[in-house]
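**Student:** Keeping the supplied structure of chain H fixed, place chains V, S and A upon it in accordance with the hints.
Chains as they are written, first to last, in our numbering: chain H, 409 to 756; chain V, 409 to 756; chain S, 409 to 756; chain A, 409 to 756.
Simulated from the structure, these hints should not be mistaken for lab results. Source: prediction; values computed, not measured. Careful: at least some of the hints might be erroneous.
[As the list claims (entries may be wrong)] Label pairs and their calculated CB-CB ranges: (1) A/536 <-> H/425: 32 to 40 angstroms; (2) A/449 <-> H/456: 27 to 35 angstroms; (3) H/632 <-> V/453: 48 to 56 angstroms; (4) H/632 <-> A/572: 20 to 28 angstroms; (5) H/421 <-> S/630: 33 to 41 angstroms; (6) H/597 <-> S/574: 55 to 63 angstroms; (7) V/453 <-> A/592: 48 to 56 angstroms; (8) A/537 <-> H/449: 20 to 28 angstroms; (9) A/572 <-> S/684: 39 to 47 angstroms; (10) A/752 <-> V/449: 34 to 42 angstroms.
Just so it is clear, CB atoms sit at the ideal spot from N, CA and C, and this is done for glycine as well.
Number of protein chains: 4
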Amino acid sequence: MFFASDNGGPVHPQIMQAIAAANDGHVLSYGNDPLTQQAVEMIRELFEAPEAVVRLVATGTAANALILSTMAQPWQTIFCTPLAHIHADECNAPELFTGGAKLTLTGTDGAKMTPDTLGQAITRIGWRGINAPQPGAVSLTQVTEMGTLYTLDELKALSAIARAHDLPVHLDGARFANACAALGCTAAEMTWKAGIDAVSFGGTKNGCMAVEAAVFFDPAVAREFDLRRKRGAHLFSKHRYLAAQMQGYLQDGLWLDLARMANERAAQLATGLRAAGVDFVCEPQANMIFARLPRSEHQRLMSGGGVYYTEDGDPWHGPDDEMLMGRFVCDWSVTEDDVDRFLQLVTG
Amino acid sequence: MFFASDNGGPVHPQIMQAIAAANDGHVLSYGNDPLTQQAVEMIRELFEAPEAVVRLVATGTAANALILSTMAQPWQTIFCTPLAHIHADECNAPELFTGGAKLTLTGTDGAKMTPDTLGQAITRIGWRGINAPQPGAVSLTQVTEMGTLYTLDELKALSAIARAHDLPVHLDGARFANACAALGCTAAEMTWKAGIDAVSFGGTKNGCMAVEAAVFFDPAVAREFDLRRKRGAHLFSKHRYLAAQMQGYLQDGLWLDLARMANERAAQLATGLRAAGVDFVCEPQANMIFARLPRSEHQRLMSGGGVYYTEDGDPWHGPDDEMLMGRFVCDWSVTEDDVDRFLQLVTG
Amino acid sequence: MFFASDNGGPVHPQIMQAIAAANDGHVLSYGNDPLTQQAVEMIRELFEAPEAVVRLVATGTAANALILSTMAQPWQTIFCTPLAHIHADECNAPELFTGGAKLTLTGTDGAKMTPDTLGQAITRIGWRGINAPQPGAVSLTQVTEMGTLYTLDELKALSAIARAHDLPVHLDGARFANACAALGCTAAEMTWKAGIDAVSFGGTKNGCMAVEAAVFFDPAVAREFDLRRKRGAHLFSKHRYLAAQMQGYLQDGLWLDLARMANERAAQLATGLRAAGVDFVCEPQANMIFARLPRSEHQRLMSGGGVYYTEDGDPWHGPDDEMLMGRFVCDWSVTEDDVDRFLQLVTG
Amino acid sequence: MFFASDNGGPVHPQIMQAIAAANDGHVLSYGNDPLTQQAVEMIRELFEAPEAVVRLVATGTAANALILSTMAQPWQTIFCTPLAHIHADECNAPELFTGGAKLTLTGTDGAKMTPDTLGQAITRIGWRGINAPQPGAVSLTQVTEMGTLYTLDELKALSAIARAHDLPVHLDGARFANACAALGCTAAEMTWKAGIDAVSFGGTKNGCMAVEAAVFFDPAVAREFDLRRKRGAHLFSKHRYLAAQMQGYLQDGLWLDLARMANERAAQLATGLRAAGVDFVCEPQANMIFARLPRSEHQRLMSGGGVYYTEDGDPWHGPDDEMLMGRFVCDWSVTEDDVDRFLQLVTG
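So that you can see chain H by itself, here it is in the shape it has in the complex (with noise of 0.2 angstroms):
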């Protein structure tokens, strides 16, 4: 019953088989291997972009945190929501590849912005000139970060508002598979089609052991991205591993079955949460859902067995210091069997 991330469960062996099945004899280093040039491949196929650039790297934070320090200035300012993970969860990570760009913070419900909020907050830095930081890029998270989806309207309607102000949009991916699935749309409807700059591909949360992919849909950023990789600390020198694990997790379709399983056992848990009578705090949409329940309750589904966050802070209080709000996270991992027995618990 652990639904405390969806990096605590174990890769997916379709995948440890291919990176067992790469283990195999010498190759150059540092990408200069056939496998990687598969797995870029497969990734642009994926995309429908035969000319997007594609770089793995080992971290979500490490792809975020590169993309953005091709979009923004140092001068510049990124926008994003208060609850971005590059914001609230990278410990200043996107400052210190930027070379110290500043994050402005706009929208709040659901962790999602909206045209107009975006717009406001663009102009309101634009009109202070020199002194001010200037707008720099936009960054999305797609699933948010509190388990809600942008509709592909919203994404466009967001992406016209940056391209209106010239900035580049990024997308934090990290659960992009989760989205994909719980929209039923395409990697390319819900990227460049929908006017994205550059994605965060995220494998690890979704059964890998540890890949993400950047993919930029203007190949210019190429050789300034490889300098910053190997800068960052960030260029893998036995790279088929990382080549391995994309080419594994893209094959036949994995990684949008491991994406459904993650949705399906979350809408699973939030149908018998709701018909336990608890409180959502946004609508859940994909593999994460936030629910408020009292203390006292929480502590008995910890002792019970129940592995999750709970949360005193801003912004995962409930409306009293009794209600606190509980973090559910399913990855592909999480059987039904799993979800049943906490629900079991919850009712019992």
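**Tutor:** Same frame as chain H, but now just chains V, S and A:
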């Protein structure tokens, strides 16, 4: 009728004379001259802090950013208001000098924070652990960017909150003198006696040419600050001309006289505007007034020779598009007659 | 016949098995899992340092740059040789992670420095005062980038010079195991017993997939390192897979066995080359050989299936344009037969 | 008898008068005043470059570091000599402002580089690929830090090498006027006509109080420089006082007259020292002399009232411990009589 800023006016004659008097013969550079030592002692005396580290720089942004860089690590965050100069008007200078620290915004009314909003902001960050930016320092501005003042009790209450979380407190005193004059308190009372650890003691806006003092009440920081100042390209070779300004500024209490003059002109202006039915955004307390007037009225006043800024953007925005906030700042050189003529224009 | 690098070979089966064994069930992420604690204890035991701070990252550059960032302030300089990996092969990663510290180059023969050259370099900087970069740290590489070794006495003499100037000493141990195997010493003897303050303990080049340990003998740095690692995007979420590699690597002395195998293959190659009259740039001491051969001979060997790098540039340059330096590196997986076949090609 | 530095003397009266004349009434701040526009035009005229971007700052280190930050990316390296001010005397300011670029040292004799040493240094870096720091820019100093000069042909030859590698060239002109006076050339001839892309045009060492101009011959950089200057805390609010200095400095060719005076005093001193049998480290060419004298002789001269620096460290070191290098610098205010009295002391 110049109210655009208190950095638009001339240098006071007593300060010009001090510069001229310093312009004689050869002395060692980089602050190893007798005049610098003298200026340092005058500032220590002013602050009743014989052990204080006192360093001169030429811009307020340099004083702020360099002080903050000794207080906050690159993985930490500095608590300030959304209108803080360090956030809104320094083009990411604190981020540059700290190596990428973040600024966390809290409190809004009149550009002030309260113990409650500060305490909540610190606590909120606190529970996120290693993945989050860490609490680093608190930065207050006195006179605030909205022309309001913290009382000594308010300063003490805020610094107590900071201290309870082991955070040092910086005071941006670009208008330090105006605050002392308005509160009728000493420099010591407004700083270390109120729990402030370091202050940017401004000279430029109050009749100097280009000089600010960074004053630390903990002497341990001296060597680090010296290296940071040099590395920031803020160590003057012909240092005596910074020292001379400070000497002229402090001689016979000139600094306080000039601030009183500026405050009085602003009070005269506020009284006249209020009599004319003009609405203030906050109650004016020092030498800066934010007043709401119809857009057309601003146009009339400017055509008539009033020089000041109006702003469309939030938070300068009035309740509707037609009411714009105007910012009126007085320096020591604005005359009673200047204000009278402007008020005639208003009532005219 | 692959001698291009020791990062081109496969992961050793024992390490692959450790990874596979770790792939079971849910555990807490970010290093809060039992396997990580176990790997840390194994490393502490190896170094006979029960209080050491041990942290895992995935690249050698990350280990080096993050360790150095805890040792050198942005206004300081790090003493290393002109061939040091941190200077020549990390694309300014140390500069990024330290926030702009400088690297001062000293010593050249065989990529080693001597107490004299180090002492002079430190002293030379020292007298310039506040305007100059300040001495910050010393970084040594063992095995050096030219395949040579410091004796334990040499390490002690260098760290004594550093200590006399209050400088901490970092050891880049990307090939740490090869050095221990060649010197027949313990990990403790080559580090804290020789005056080393922190070491990048390499795994990747010696049969792991992607893991290096940053080991600090002073426990005080733990919290700072954790925050720097996270901010550098080098904290793995599925941390158990780093830990498993280390576990498999250290189990039953595998780390030393693999290094011995690599060293023996290099010795076999050196013996054969010497017999064929080939000249070495430095006397080979571990698993890396730099040999001068005519340009045409290199072409013949490569056409015949030898895979390795030659270099035109200084310091790889031979005495004339026609003699080029070739770099031959053996990892554990190079076979006796590989070397034999290559030597037949040479003498062919 | 002050020869310690050319930043130890007074401001020239014509420049003081220009400052005093500027001290009248209110003007807009941050450079939006008529005097600044006028100073900019005077500098453009001086450089025969009507489109040049001209920005004023208060320190030479600021001019150097800010210019270089527009030329070199954080993953690049800047080629300069080991004695370059940007390397040896700016406490890592270039590293701070570039975000961590490296400095690659080349050339030593008389603090000059040659086309050969520069070309080799660039080529050497070039072949290491993505793992190495990338070539970024070239920085020359004129007058050099050893008081020597590049001829116009030497400047052209160096900039040709840079251009062949697509590298921009910066000229550190802290003593620009002394070089123009010594070479009898125009400002244009020594900069864009010789292939220089941007110059730090010094005022402070040559009779100003604190002003340097950053001059770019490519206008495209203007916006970026403005943001970098503000972010570096180097944008003066009361900007007219920087402009006034430049105006006074350039008026009626004062800048060149002051440099000629300084050069003549140094020549007088060199002639006298030579006659007294003193040995020079390099042939004096402008206003700075490096002479070797026995340690005891230095002590005698200093006791007699001579003020200047001697150095023990390399490269100031003489052939043995007893011969120390003394640095003698003349500014415009050193008198013929000062030099005579000092020479009497020498021969005395």
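**Student:** Now, for every hint given, state plainly whether the structure supports it.
**Tutor:** Status of the hints after comparison with the structure:
Restraint check, residue 536 of chain A to residue 425 of chain H: a C-beta distance of roughly 37 angstroms satisfies the suggested window 32 to 40 angstroms. For residue 449 of chain A and residue 456 of chain H, the Cβ-Cβ distance of about 55 angstroms falls outside the hinted range of 27 to 35 angstroms, so the restraint is violated. Here the CB-CB span from residue 632 of chain H to residue 453 of chain V is close to 54 angstroms, well matched to the stated 48 to 56 angstroms. Checked against the given bound of 20 to 28 angstroms, the beta carbons of residue 632 of chain H and residue 572 of chain A, roughly 23 angstroms apart, stay inside it.
Taken as a hint, the range 33 to 41 angstroms holds for the pair residue 421 of chain H and residue 630 of chain S, whose Cβ atoms sit roughly 36 angstroms apart. Hint check: residue 597 of chain H to residue 574 of chain S, Cβ distance near 60 angstroms, so the stated range 55 to 63 angstroms holds. Here the CB-CB span from residue 453 of chain V to residue 592 of chain A is close to 53 angstroms, well matched to the stated 48 to 56 angstroms. Remark: the range hint 20 to 28 angstroms for residue 537 of chain A to residue 449 of chain H is upheld by a beta-carbon distance near 23 angstroms.
For residue 572 of chain A paired with residue 684 of chain S, a C-beta distance near 40 angstroms keeps the hint of 39 to 47 angstroms intact. About 38 angstroms separates the C-beta atoms of residue 752 of chain A and residue 449 of chain V, a value consistent with the hinted range of 34 to 42 angstroms.
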